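Visitor: What follows is each chain in one-letter form.
Number of protein chains: 2
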Amino acid sequence: MRKQVLIFGLVGGVLVTLLQWTEFRFVVLEHSIAIYGVLIAILFAGAGIWLGTRLLAPRERIRERVVHRVVDRIVEVAVPAPTTPNLTADDTVRKRLGITPRELEILELVARGLSNREIGETLFVSENTVKTHCSRAFDKLGARRRTEAVQRSKELGLLP
Amino acid sequence: MRKQVLIFGLVGGVLVTLLQWTEFRFVVLEHSIAIYGVLIAILFAGAGIWLGTRLLAPRERIRERVVHRVVDRIVEVAVPAPTTPNLTADDTVRKRLGITPRELEILELVARGLSNREIGETLFVSENTVKTHCSRAFDKLGARRRTEAVQRSKELGLLP
DNA sequence: TTGTGCGTCATACTTTCGCATGATTTTGCC
DNA sequence: GGCAAAATCATGCGAAAGTATGACGCACAA
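Protein chains in written order, with full-length UniProt numbering: chain A, 1 to 160; chain B, 1 to 160.
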């Protein structure tokens, strides 16, 4: 997360340097200043978007996770036993199976019917990464298909 | 999501206009071009970050909404009567969607995590037949993957 | 009797999954 | 600072899933 800020700063510095270096050429063509500015604007707008997504996406992720926790509690309180608002239940199951938080996160999206590609786009990771997580999660669940994994996850209380 | 892009473009245009208007002042101070560029860079970097967050926030919102919907359903289905083999309910839904009994039967097995081959062996039909049923059911459900089909079926009360 | 819906099956093709493997990078912790 | 776990990414391959299209038989109603 800090790495992005560093890169951002570095790129910024380089651009400013370039800016000063190329200044002399543009001074000749006074009218190019506008174009110059537009180029810089586009460049930094892109960089800003990139930074924004990289920097802020994790916050959304956390927010989402909180929502899920609340949901889990609601479901458990309402459905099976009023005496079991066990918030750590699925976490216990998760740990018992050695499933990492990220893997569970991917499982949730699998259960929603997203393809690996879509999951990758949602979480800002490559499809390959999703596949890796899936494979490991399936292995730990003893599942060989994603549908099977979803079914088992729900049986185990890993997913609502 | 498009609104932000529009605003972004408008702001960009205004800035470019301002840029050209203020050009004359800066031409006098040639050395200010660097500062000029840096200002633009900062401005648009900020704008980019803003755009990035705005662009990504809706996805999270939608996701949250879906979660709530699921919760409502689960509560409704689970709380009133655990012993509700409500055949007429899902049958209504089934007919409304034009899903045949056979297709629903295949959907149930899909939801259990069986592969097409296994489903075929279970029902004593060929794998191709299973594929055909699946394709048609998916189409009627508006799903493009079996996981998606399962999810939608459960949302619709077609499957427990 | 003829149409229509349903179930069955096939062939050919594209896309997606899942697995194995190895590698690099973060990250949290001692 | 370094270690270990977790996360990331790539590549290649075979298996499974999904699409498109056409065909056949059967039951039931118009």
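Hints are not guaranteed to be accurate.
[Said to hold, decoys possible] Only pairs whose alpha carbons sit at most 30 Å apart, straight line, appear in this in silico DSS-like list of lysine-lysine:
1) K131/A with K154/A
2) K140/B with K140/A
3) K131/A with K95/B
4) K154/A with K140/B
5) K140/A with K154/B
6) K131/A with K131/B
7) K131/B with K154/A
Hints are computed from structural coordinates only; laboratory data are not their basis.
All values reported here derive from a predicted model rather than from experimental measurement.
Visitor: If a hint holds in the structure, say so; if it does not, say that too.
Guide: Consistency of the hints with the structure:
With a C-alpha separation of about 20 Å, the suggested pairing of K131/A with K154/A holds against the 30 Å cut-off. With a CA separation close to 34 Å, the supplied pair K140/B and K140/A exceeds the 30 Å bound. Simply put, K131/A and K95/B have alpha-carbon atoms about 37 Å apart, too far for the 30 Å limit, and the pair is violated. Between the alpha carbons of K154/A and K140/B the distance comes to roughly 25 Å, so the proposed pair stays at or under 30 Å and holds.
Between K140/A and K154/B the CA atoms are separated by roughly 25 Å; this keeps the pair inside 30 Å, and the hint holds. Using a Cα cut-off of 30 Å, the hinted pair K131/A and K131/B holds, with the two alpha carbons roughly 24 Å apart. Straight-line distance between C-alpha atoms of K131/B and K154/A comes to about 25 Å, which keeps the hinted pair within the 30 Å bound.
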